[in-house]
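For the protein sequence lines, the chains are A and S, in the order given.
For the first sequence, the residue numbers in the UniProt record's numbering are 1 to 222.
For the second sequence, the residue numbers in the UniProt record's numbering are 1 to 222.
It should be emphasised that the hints constitute simulated quantities derived from the structure, not laboratory data.
Certain hints may be false.
[To be verified] With a cut-off of at most 30 Å between alpha-carbon atoms, the simulated DSSO-like pairs for lysine-lysine come out as follows:
id, chain 1, residue 1, chain 2, residue 2
1, A, Lys35, A, Lys151
2, A, Lys8, A, Lys62
3, S, Lys8, A, Lys30
4, A, Lys151, A, Lys30
5, A, Lys120, S, Lys8
6, A, Lys36, S, Lys35
7, S, Lys36, A, Lys120
8, A, Lys151, A, Lys8
9, A, Lys36, S, Lys62
10, S, Lys8, A, Lys31
Next come the chains, spelled out residue by residue.
There are 2 protein chains.
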Amino acid sequence: MIANTLVKSKLVCVALNDKHQLTALQDTFKKDPYKKPPTQPVLYYKPRNTWNVDGAEIEWAKDFDGQDVASMVVGASLGIVIGQETCRVSVENALDFVGGYTLVADYSLPEKNYYRPDIKGKCLDGSAPVGPNIISRSTLENLDDLQVVIKVNGERKSLFALADMERSVAELISIISHIMTLQPGEVIAVGFAGDRVPVGKGDTVEASIEGVGTLTNTLGGA
Amino acid sequence: MIANTLVKSKLVCVALNDKHQLTALQDTFKKDPYKKPPTQPVLYYKPRNTWNVDGAEIEWAKDFDGQDVASMVVGASLGIVIGQETCRVSVENALDFVGGYTLVADYSLPEKNYYRPDIKGKCLDGSAPVGPNIISRSTLENLDDLQVVIKVNGERKSLFALADMERSVAELISIISHIMTLQPGEVIAVGFAGDRVPVGKGDTVEASIEGVGTLTNTLGGA
């Protein structure tokens, strides 16, 4: 297990925070069992066994029988690094509790549906590189201007503007801090493009945000 | 935040592992969106902010506006403490990777349905006491003989026989170790009675397994 010294104790990811994805899913939301879109942020954890670092090789996932899986996907997000204990803070004050910013990549199995908590596909060993560094809060003026770019083997495959997030960074920190108390060093991945990017064995993936940094990882199994 | 020194890095809970509950849910399973029962164990995490200890007062949960919630429930489970790195082990060898046994209680908001990952209700601060001690593996001969008992204010409210688990401890360790590598000190709560026990402000809750121990906690808010 590779130690990621940037993350302390918790990496929370926000799913379904891409406005365009939510629009595309409207018909699905109307069906059973919910009959309406989620009213709260949909969260999932990337547990400690998933944490990884810039430059590391990402293990190609295996199925239950030890055979290589057919396909993997990657998403990337701005990572909010909590700077101080954060409990039930208002949207107005939420950004005061940010210690800094980083990048989170999330390698996973493709999801078959959006309903069931996909623990199996989301907690692959070493599937969540975080880094390469933590950028001071004061260096980023307007988060809405940021774009998360994913390149595979040098070619751009995804661009996600933070302005297209259904809930803003400040809103998410406020809401999550009402659900659980956050501690310094905990990281929130605030939003991924709705369409994850397919990757193959041996691919080199660069996830980047201008002014925050670039996470570069290579897929294993080649 | 109260440090629980028994748990290292991860507390994984297995939901829907009570045979009687699964039987009762058969009609629900046939409906959209799944149309069949879960084919894999349904897992959820209790993150670090939830970890708590024997004897601690459990905070009465508040809603988003800071008002006390109307109701809370508790479940209890045998806790498997992992003894060594556990990756893709067979059912036959799984128990060799157990370091010891303990108790896990899980205080939460009542669940409205079983579909959505109920992060909000499951990750209340301090809602997962673990302990009071770790019992050596060799002291428990037959796990199927164990019963998890929950008493509220001295009155027995729930009894769950481990023989009624859909998947055994060895099966769960094997399956989970194929999903993620487990590390020493990580804890798996293997199964809860399908019906959680309602609790009120000021109640004293004892969760116990004979030969493993008793976790005693009092609800706050009284």
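Hint check results:
1. A C-alpha spacing of about 36 Å is found between Lys35 of chain A and Lys151 of chain A, which places the hinted pair above 30 Å, so the restraint is violated.
2. Between Lys8 of chain A and Lys62 of chain A, the direct Cα distance comes to roughly 28 Å. Compliance with the 30 Å bound is thereby established for this hinted pair.
3. Simply put, Lys8 of chain S and Lys30 of chain A have alpha-carbon atoms about 41 Å apart, too far for the 30 Å limit, and the pair is violated.
4. Straight-line distance between C-alpha atoms of Lys151 of chain A and Lys30 of chain A comes to about 34 Å, which puts the hinted pair past the 30 Å bound.
5. Only pairs whose Cα atoms come within 30 Å are accepted, and Lys120 of chain A paired with Lys8 of chain S is accepted, the gap being roughly 21 Å.
6. Proposed proximity of Lys36 of chain A and Lys35 of chain S is supported: the alpha carbons are some 19 Å apart, at most 30 Å.
7. As the CA atoms of Lys36 of chain S and Lys120 of chain A are separated by approximately 18 Å, the hinted pair is consistent with the 30 Å bound.
8. At most 30 Å may separate the alpha-carbon atoms for a hinted pair to count; Lys151 of chain A and Lys8 of chain A meet this at roughly 28 Å.
9. At most 30 Å may separate the alpha-carbon atoms for a hinted pair to count; Lys36 of chain A and Lys62 of chain S meet this at roughly 25 Å.
10. The straight-line distance between the Cα atoms of Lys8 of chain S and Lys31 of chain A is roughly 41 Å, outside the 30 Å bound, and the hint therefore fails.
Violated hints, in rising order: 1, 3, 4, 10; the structure is consistent with all others.
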